[in-house]
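Student: Sequence:
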Amino acid sequence: MKNYLYILVIFFCSTYSVLNAQKKFEDNVITNNHNYGSSISGSHAADIDGDGDLDVIAYYYEGNLVWYENKPNKGGLVEPKVIYKSNNGSNSNLFAVDIDKDGDLDIFASDSNGKVFWHENLDGLGNFEKKHLITEDSESVSSLDYYDIDGDGDYDVLISFNSFDYKYQTAWYENKNGKGDFGVKQTITTIDSYGSSFVEDIDLDGDGDVIIGSKFWFENIDGKGTFTQKHKITNEREVSNNGFPIDIDNDGDIDVLVAEGYYDRLLWYENTDGLGTFGAKKIIGNISGDISAVFADDIDGDNDIDILIDGDGLYYFINDGEEKFTGRKNIYKIGSNSNNGVIIAADIDGDGDKDVISSCVTNQKSGMAYSEYDQSTGEFKAEYILSEYFSNPIGSFPVDIDNDGDLDILVASNGDNRISWFEDVNGKQKFSIRHIISTTVYSPKFVIAEDIDNDGDMDVFAVSESGNKIIWFKNQGNGVFGDEIVLTADVKSPQMVAITDIDKDGNLDVVSVSRRDDKIAWYKNLDGLGNFGEQQIISTESDEPLCIYTADFDNDGDNDLFIKSINDRQISWYKNEDGKGNFSAKQVISYGVSGTNPNFDIDDIDNDGDLDILTPSDDDSDLAWYENIGGDRQFSYSKRISYSSTKYCELADMDLDGDLDVVFEYGPNNNIKWYENLDGKGDFQTYGTTISSVPGDNWTTNSITNFFVKDMDFDGDIDVVSIKRREDKLIYTENLKVNTLSVHGYSIHNFSVHPNPSRNIVNVKNKNVFNTITIYGVSGRVLKNIELKKPKLTHQLNVSNLSPGVYFIEIKSNKKKEIVKFLKE
0 MKNYLYILVI FFCSTYSVLN AQKKFEDNVI TNNHNYGSSI SGSHAADIDG
50 DGDLDVIAYY YEGNLVWYEN KPNKGGLVEP KVIYKSNNGS NSNLFAVDID
100 KDGDLDIFAS DSNGKVFWHE NLDGLGNFEK KHLITEDSES VSSLDYYDID
150 GDGDYDVLIS FNSFDYKYQT AWYENKNGKG DFGVKQTITT IDSYGSSFVE
200 DIDLDGDGDV IIGSKFWFEN IDGKGTFTQK HKITNEREVS NNGFPIDIDN
250 DGDIDVLVAE GYYDRLLWYE NTDGLGTFGA KKIIGNISGD ISAVFADDID
300 GDNDIDILID GDGLYYFIND GEEKFTGRKN IYKIGSNSNN GVIIAADIDG
350 DGDKDVISSC VTNQKSGMAY SEYDQSTGEF KAEYILSEYF SNPIGSFPVD
400 IDNDGDLDIL VASNGDNRIS WFEDVNGKQK FSIRHIISTT VYSPKFVIAE
450 DIDNDGDMDV FAVSESGNKI IWFKNQGNGV FGDEIVLTAD VKSPQMVAIT
500 DIDKDGNLDV VSVSRRDDKI AWYKNLDGLG NFGEQQIIST ESDEPLCIYT
550 ADFDNDGDND LFIKSINDRQ ISWYKNEDGK GNFSAKQVIS YGVSGTNPNF
600 DIDDIDNDGD LDILTPSDDD SDLAWYENIG GDRQFSYSKR ISYSSTKYCE
650 LADMDLDGDL DVVFEYGPNN NIKWYENLDG KGDFQTYGTT ISSVPGDNWT
700 TNSITNFFVK DMDFDGDIDV VSIKRREDKL IYTENLKVNT LSVHGYSIHN
750 FSVHPNPSRN IVNVKNKNVF NTITIYGVSG RVLKNIELKK PKLTHQLNVS
800 NLSPGVYFIE IKSNKKKEIV KFLKE
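One point on numbering: in numbering that gives the first Met the number 0, the residue at position 214 of the sequence shown is 213, and numbering is uninterrupted.
Since the hints were made in silico from the structure, they are not lab data. Computed from a prediction, not measured in an experiment: that's the story for all the values here. The beta carbon of each residue, even a glycine, is placed where N, CA and C say it ideally should be. Warning: the hint list may mix true and false statements.
The calculated label-pair distances, taken between Cβ atoms and stated as ranges, are [to be verified]:
(1) Q535 x D301: 52 to 58 angstroms
(2) K579 x K766: 23 to 29 angstroms
(3) Q535 x K80: 50 to 56 angstroms
(4) S799 x G578: 16 to 22 angstroms
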């Protein structure tokens, strides 16, 4: 332990034995493709738990039924809960309705085996334990609807299905006692072609008639479910059977809207007399891409019916009030389509307009998207993904994307060519919303975030290996990003970028490495606004450079470069000769370094004031570090920490004793472990302590392919976020050992710092005057002490010289101390 242990004892209310106790960690899988299924086949919005807001039910292709609880104060639709897990595929139609007349909403749906069933909401809070079978008469179900078909005051069920004799039927089942006990099949019609069916009062006589597809309807002649009279809607053979009943022209009767997939068009048939006599087809518009779903409602709140339809995107047709749909818009910002056939509109956020829930498919990966309507602009905001197939994540980065004071997680995944971020929706590490930044970064290799244009929010840089380009995305505020901006396409197989001030002009520049042209190059940020100059080649000496890091290795005040190159098997560094971006020739640190792993870490391992280098084992099974010794050689020979097989390692003070320990991926069982820096000088323990051990589906897929360490919850200790690439898992592992904010004798009720986090200046405020300000590191070390000339209520504190991380700011007056936690960006 360091000689400032007594500070830790007072500052963190802990003892020597507590600080050296076994650390406890808790794994939380943020996203996992195997939780529910690969794609959404049906969804519905309803108040499942009776709390006054709309929740969302989702039925996954594999047959798992899940509901997303709406918690407006915690980010909206944030808590998926499984109603039913099954290995049988699902039908696209499901509804929430009070089947048993007990005042809450139950759910009915079907599976791929032809069973139709309902789940009873036992307590009105969304606890579903009882599953009731309605029928298993069919081979497969194509559509469901509900209505009081026999006029007895409860909901009956309409089903269209393929029967076991290969005949397509539409039938209804009576809710016999109003409690969800259903009678036998009552066939309405048997037809040769597929068609979805709906129950609506087509002839305005007060009972429910049945529409079959978009070509004909059956009249409920007695209001008790006797269907003997068939009426024609159209004789046109080419018209699809994907009908949707809605009063399009606001004349009080039901018209029929049709998504015509074969001709890629949207059309409707008017109920001309309110008695079920339909006119000729009216074409609304053509849609690019295969149409499979349509939904209509008053989306923009102007009292007429607008239309949503899928295709190569999700298209929004705005009704001008005279049934002229001239404002067609693709509301998706990510180039997705929703060809799974799921679209619903409902006021999810309670602001009085209709938001959109839809299935979405991008690069052949499926999910469910939420698009919020913005009343002020009449447009839809950029959608975010509630649930989707998360494919082959390769890198992650902690960053406050939306400027709300907590850390989100930026992720690149090359199975679906996406750059996205997971939002901490409530500041409590609830990473339940995934936002898509881009789906066009083909084979992303690397991702990082920095405020490149000095506007106060974090922009995102990405490397596209197969696209041979380096691009960035401007954060337009609150995590909404613009289109990609190409930094350069003059690279072959780019691997990584580093962002730093190369020429000491106060602006962040970019440095890149690319394998197939051996380039190490930098790009000057000309104006601090993200306008970059031409590519400046630093070197082509390194044979197939794989990674690049920047740091001031020689303590001369400017940033040098660290490189690993795989074809010549070297790690080396390039000295920034003049602080203006003119670099020396390559200076080799080590020869014979094998493997293709780009992961390193750089920090002061031995506490001597200069930067050392930590290297993973990769192919040679050595976890080692290189001491910065200065002089002509600059770095020592390799110092082995262990023979542990690992590809990923980072430095962090895991035990809060003021020195840097090593966190690493332990190859043999794919855990994350750490080695303690025993003396603060780089002598490490010989056995590892396990941090994270999330089991995999099997030993071949249970492999960690990336992780980072960060105090994600701002409680003063180090947490871990890791990726299991083959299983498409993103995992947050919380450090539970000690809450460093439980400080004895300290109050945080009167004292605040703002903004928090900050990069440069914070305003220190207190209700009572203070005369001393002290800044502590998380280990308890005093970093800065300020004695004010006279007591104050407020003081501006410059923190620009602090490294990014967590600190504690203490104020003192009349022997009273108060303290708050502070994050330096």
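Student: If a hint holds in the structure, say so; if it doesn't, say that too.
Tutor: Against the structure, the hints:
The beta-carbon spacing between Q535 and D301, approximately 55 angstroms, falls within the hinted interval of 52 to 58 angstroms. As the Cβ distance of K579 to K766 is approximately 49 angstroms, the hint placing it in 23 to 29 angstroms is violated. For the pair Q535 and K80, the supplied restraint of 50 to 56 angstroms holds, since their beta-carbon distance comes to about 54 angstroms. In this structure, S799 and G578 meet the distance hint of 16 to 22 angstroms, their C-beta atoms being roughly 19 angstroms apart.
The structure does not agree with numbered hint 2 stated previously, though it agrees with all others.
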